[in-house]
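Based on the hints, put chain B in the right spot on chain A.
Quick note, the sequences are listed as chains A and B, same order. In my numbering, each number is its position in the first sequence, counted from 1, plus 44. In my numbering, each number is its position in the second sequence, counted from 1, plus 44.
Think of the hints as simulated: they come from the structure by calculation, not from any bench. Any given hint could turn out to be false.
Treat identical chains as interchangeable: a pair holds within one or across any two.
Claimed, not checked - Listed below are the simulated DSBU-like cross-link pairs for lysine-lysine, each with C-alpha atoms no more than 35 angstroms apart in a straight line:
#: 1; residue 1: K149; residue 2: K171
#: 2; residue 1: K236; residue 2: K171
#: 3; residue 1: K171; residue 2: K76
#: 4; residue 1: K149; residue 2: K76
#: 5; residue 1: K236; residue 2: K149
Everything numeric in this text was worked out from a predicted model, so none of it was measured.
Number of protein chains: 2
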Amino acid sequence: MQLIHYSLCPHSRTARLLLNEYGIETALAEEKPWEWRAPFLAVNPGGNLPVILLDNAAICGIYPITEYLIETNVYTEDATIPELLPEEPVARAETRRMVDWFHTKFYHEVWSYLSYERIENPFVHRKAPNPEAIRAAMANLHNHMAYLSRLLEERYWIGGDYISIADIAAAAHISCLDFIGDVTWERAPIVKNWYARVKSRPSFRPLLQDTVPGIVPPPFYTNLDF
Amino acid sequence: MQLIHYSLCPHSRTARLLLNEYGIETALAEEKPWEWRAPFLAVNPGGNLPVILLDNAAICGIYPITEYLIETNVYTEDATIPELLPEEPVARAETRRMVDWFHTKFYHEVWSYLSYERIENPFVHRKAPNPEAIRAAMANLHNHMAYLSRLLEERYWIGGDYISIADIAAAAHISCLDFIGDVTWERAPIVKNWYARVKSRPSFRPLLQDTVPGIVPPPFYTNLDF
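If we strip away everything but chain A, and leave its shape as in the complex, we get (with noise of 0.2 angstroms):
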């Protein structure tokens, strides 16, 4: 089993989190999502980020990949390996509702000017980022932390009572955010608490050993004491 990915895709980030908590071993491939690589294309029409190879068979996104891991380990016999969605069908809806949250409107509201102003218009442009992009982003991501604050505040995980896909999903976009320096951790101690949380977690240990060309992490990001 192969996974395609980028390091600074929060999409990616979940896919690598939920192999490493049911314990499946994957070679790396980095793909950079902006440059639609004809190879990368014929693998997956869609041109989005990540894909697992199989022997004959592709599963591409992080939709398909998330539920396809959950189909296929739910009747392991492994107790050291976590339940990730509840059984109960609208516990399920709850704890894909917040799935979606990030991946959908996080992603869109937050990430996409993020890293298109922060990673992909120096890096690969050469351009300077648009500081209004930059403060709009950043109002839409103190809204988004305070709603998690509320949610925190009600509930002990972000789907619910036990851990699950919602909160591997919402760490590997605030991963992404902290690895360029943009949560400010003082404004939402609830949504910290969580993070350190999530963060311990022996399948984020790889995640925090990644480095990427030309962006220097703030130092508290691999600190699990923060």
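This is chain B only, laid out in the frame that chain A set:
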């Protein structure tokens, strides 16, 4: 059960078609997505459509709704209700890839532009549509129709050999575009042939009877043999 929806919202149409396929009767409540009404946001803080209201829970967004409807209808004894997701994990992933293609890629590259320029701009903001945005969206639409044509040369349905949630999602998006007159059917005869098959299903009938103030769909919109 109540469905909060908007007629010209492809995600809402997907939910209506799924409910109709599964023979689940629901009261419809219209919500205009651009109004961001406080009572609606109290039900769904994400503000996205559609939402299913159960007795004491809300299921928000097309991803949780689709999976919820599949999970709660999969063991039905009624042979007239189609299985809308194959059983084999890789085939399920391919079906979900195409669902995601429409709900995310197609939506953001085509529908979000065209609905803004053709519906929200003239009827809400009383502004003329931006011809450049329309041109860009139409170019994207032609590329997507070409991809669908290639796909449908190899398979009878969008997700594979059987009708699935991918056909439902695809037909929901295309029916919205057809309503505002933006599908150039003569360029994509294979897609037209597939759409005629989906459109003829009883689940589709109620959607074809929708009216939207200020917009007159082309005469072939309601024809099953167009």
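- Message: Of the numbered hints stated earlier in the document, which are not met by this structure?
- Response: When the structure is compared with the hints, none of them turns out to be violated.
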